[in-house]
Amino acid sequence: MALNDPPVPVIPAPIWRNFKELQEWEALHKTRPEGDKHSALFESVTEGIHNFPGGFVVTTAADAFLNWARKSSVWPVTFGLACCAIEMMATFCSRFDVERLGMVPWASPRHSDLMIVSGTVTIKMAPMLLRIYDQMPDPKWAVSMGSCANSGGPFRHGYHVVKGVDRVIPVDVYVPGCPPPPESLLNGLLLLQEQISHFKKTGRRAPPNVKVD
Amino acid sequence: MNAEQARASLASTFGVEVAAGVPMVVTVAPDRWEELARYAKETVGCRFFNFLTAVDWKEQGLEVVARVDNLDDNVGLMLKTRLAPGVTNCASLTPVYRGADWMERECFDMFGIRFDNHPDLRRILLEDTWEGHPLLKSYAVDTPHPPYR
Amino acid sequence: MLDQNTTTRVEMDWSGPERLQMNMGPQHPSAHGVFRAIVTLEGETVVAVDAVIGYLHRCHEKLSETLTYAQYPSIASKTDYVAAMTSEFAYVMAAEEIGKFEVPKRAQYLRVIVAELQRIASHLLWLGTWCMDMGGALGGGATIFLYCIRERELILDLFEALVGARLLYGFFQVGGTRYDIPDGWAQKCRETIAVIESRVDEYEQMLEDNAFFLARARGVGVVSRELAQDVGIAGPLLRGSGIDYDLRRNAPYSSYQDFDFTVPTEKDGDCYARYKVRMQEFRQAVAIIRQALDKLPAGPISSRPALKSVAQIRIPKGEAYARVEGPRGEVGSYIISDGSAKPYRMKWRGASFSNLAILPHIIPGHKVADVVAIMGSVDPVFGEVDR
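Residue numbers (the numbering used here), protein chains in the order written: chain R, 1 to 213; chain Y, 1 to 149; chain X, 1 to 387.
Honestly, I wouldn't trust all of these hints.
What the hints assert, rightly or not - Derived lysine-lysine pairs resembling DSS-like cross-links, with alpha carbons at most 27 Å apart:
1. 80/Y x 163/R
2. 100/X x 317/X
3. 317/X x 80/Y
4. 137/Y x 295/X
5. 163/R x 200/R
6. 137/Y x 317/X
7. 367/X x 105/X
8. 317/X x 163/R
9. 188/X x 267/X
10. 80/Y x 100/X
11. 295/X x 58/Y
12. 308/X x 367/X
13. 80/Y x 342/X
14. 342/X x 317/X
15. 58/Y x 317/X
It is worth saying that the hints were derived from the structure and are not from the lab.
None of these values were measured; they are calculated from a predicted model.
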C-alpha cells in the first residue's frame, strides 16, 4: 500500500562484483550538483590520486582523519528556544556531560558547527533562526530536538507555530521527545557524530552499510 | 475598605448588583469603565493590578474583564464591561494602572479591541504585519500563514 | 547637500546626546529564552528599553478551546516549563472550582509536596542561570550553575520516580492527582531535601563573600512598592519590595493552611533583596515538605475515576479564576466554561508576563551590564510570557 512507502524516491542500491563494475557504476553516477564540488584544482588532485593503484587509501585516510577531527569537536551554538532548552542545558552540565564528546557550547554562531534547535519554532522566530543558521560557517549541522522542532509538536495546530524546523533549515538528526531526556539527546548527538564520520569530501558518495537485496 | 464595605459602596456608586463571593464581580457599561477602575484603585484601595483580558461572546459582542486586588484587606475585584456587538473601542486603564499597558496591547493583538488613550497601542505577541485577531471565535486555530504550509 | 567649500567642525564628545539603539536579540547567551530588548543607549547608560516578546507565542489560549479538560494539563505545564507542576496546578484548580469538585486530602498534600519540590528546583535553576549571566559562561558563573544543576538533578530524579518525566509532567488531573508516591519515595525525598538544605547554605556563603556579586546585585534594579503593585508583579519581586503578600498564606489553597511556614520579605527592592527572598524560600519550602511528608494522610488520590477517555470530564457552566503561588509569582487560570468538555475561554495569567512588564520602568538609568543582572533577578520564563 502507498501508506508504507517512504515519501522519498527509492534509489536502488548499487550492485557490483569487482572493481571494474564499481568504476563503471561510478562513471554513470557522477551526478554531484555544481555547488557541492570543491575547486577544480582539488577535484583534479583527488582524481589524480585515485588513478594511482591504491590511491583510495590516501583519500579515505584523509577523509577519516578530517572526519575524526570534525566530529570530535562539534561546537553547538546555544539556541535554546523553549522547554527543550532546559533539558539541553542539563545535557551540557556535569551529569550528562557533553564536553567529553568535544562539544563546547558557544554563544556566537560564527564560531560554532552545530545548531541544536531546542523548542518550538514560531513564525515570528523563524527568520531569526534562519539568520543565525546562515551566520554559521560551513560545515554545519543541525539537530532538531524535541517534538516541537521535529514537527510542531503539541502545538502543531496553532496559527503561530512552524510545523517543524525542517521547513526552515536542513536537519541532520531528529531527536524525539517532549522534552527528550538528556540520554536521548546524547544518543542523537552520537548519531550525528556517526553521520559525520561517513562524510566524504573526496568524491566517493556511496552510502554506508547499505543492505543489498 | 473590607469586602462588605466595598460591595456596598460599589453597588451604591455605580448602581449595579454586586454578587457576594470571592472575587466580587462588578459589571458596568463601557462609558464608566475608567471611572470604575479609578474608584477601585482610590476608594476601595485595590492598588494591585492583576490582569486584563477579553472574551468573545460572538453575537453578543466582546467583554473586557479586569481583576484588581487589595492586598492589605484581601479584597479581589473582577471588573467587567460588555461592549456592544460590533464595537471594538474601549477606554484604556493605562492612566489608572501602569500594568494595563501590556495587557491592553495583548487584547488588541488577540481581539482587535482598540483602547483609547493608550500610549503605544501595537501588537505585542504577534508580528506587526499579522492580519487578523486570533482569539476571536471567527478565527480558526490552524489558520495557515504563508509562506509556511 | 553640503557646500564643498565650507568645512564643518564635528565635536567628538563621548557624553553627547548621541543615542544608539542596540538590539539584544532573541538569541543571546543570557540563557533566558527568546527575548528581544531594543535598548536605547546614551554612552553606557540605558535610556529606554523596548521589550519585544512573542517569539514563543504558541497559541495556548486558542488551543485550550480545542482541548478538553483531560488533555490540557500536560500542555499547561509547558507555559512555565521550569516549574511545570505549579502551571498545571492553576488550570486544574480552576476547573475544580467551577465544577465544585472535592479534592481528597491526600491529593492536596501530594500537590503541596510536589509544588514545593518544584519551587526548589526552579529556584536552583534561577540561581544557576543568574550567576552564570553575571559571571560569564566560561568564568566563575558556571561554578554556581553546575552546582545548582547538580542539586536540581536530584529533585528531577524524584519526579522521574513519581511521574516518569523529568521536566514536563502530567501529574495533575481534575479531581486530584494522577499518580501516587511509590514505596521508598518519601525516604528518598527526605534525604534529598536534607542534602539540598545544607548545600544552599554553602552557596549563600560562597556568594555573599564575593565582592563582585554584591557590587552587581546591591542597589541595582530597585522596584518601589508603589510601582510593584501598579504594574502587577508578583512573587519574589513583590516580596523583595516590601509587600508581604504570598498566596499560600493570604489566600490559602490546597491545605496550605495546615502548614507552618514564614513568608520572607525584604524592604530594599533591589536584586539583592530578591535574591535573599528566594534563598529564604528554599528553606521554607524544605520545611513545608517535611511537614507534609510527616502528616501525609492515607486515602484516595483523586475524587474522580481514573481517566479512560479524553472527554470524560465535564464541567457545568460557570467561570472561575484560580491562582497558585508559583516560583515566579502568581500563576492563574481564568476559565469560562459553557458546559461542554472544552473550555469556552481560558485566560492564562502568566507570572512572567506581568513581571517582565516592569523592565521598561526600572532599567532606564542603569548601565548595560546591569540589564543582564536585572533580567536575571526578574527571572522570566518565556513560555509564560508569550503563552
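These are the hints, each one checked on the structure:
1. 80/Y x 163/R: Roughly 37 Å between the alpha carbons, so the hint for residue 80/Y and residue 163/R is violated.
2. 100/X x 317/X: holds (11 Å)
3. 317/X x 80/Y: Satisfied, since the Cα-Cα distance of roughly 18 Å is no more than 27 Å.
4. 137/Y x 295/X: Given pair residue 137/Y, residue 295/X is violated - Cα atoms ~47 Å apart, limit 27 Å.
5. 163/R x 200/R: Outside the cut-off at roughly 31 Å; violated.
6. 137/Y x 317/X: Roughly 18 Å separates the two Cα atoms, so the pair holds.
7. 367/X x 105/X: violated (51 Å)
8. 317/X x 163/R: With Cα atoms ~34 Å apart, residue 317/X and residue 163/R exceed 27 Å; violated.
9. 188/X x 267/X: With Cα atoms ~37 Å apart, residue 188/X and residue 267/X exceed 27 Å; violated.
10. 80/Y x 100/X: holds (23 Å)
11. 295/X x 58/Y: violated (49 Å)
12. 308/X x 367/X: Violated - the C-alpha atoms of residue 367/X and residue 308/X are around 56 Å apart, more than 27 Å.
13. 80/Y x 342/X: holds (23 Å)
14. 342/X x 317/X: Holds - the C-alpha atoms of residue 317/X and residue 342/X are around 11 Å apart, at most 27 Å.
15. 58/Y x 317/X: holds (17 Å)
Violated hints for the displayed structure, listed by number in ascending order: 1, 4, 5, 7, 8, 9, 11 and 12.
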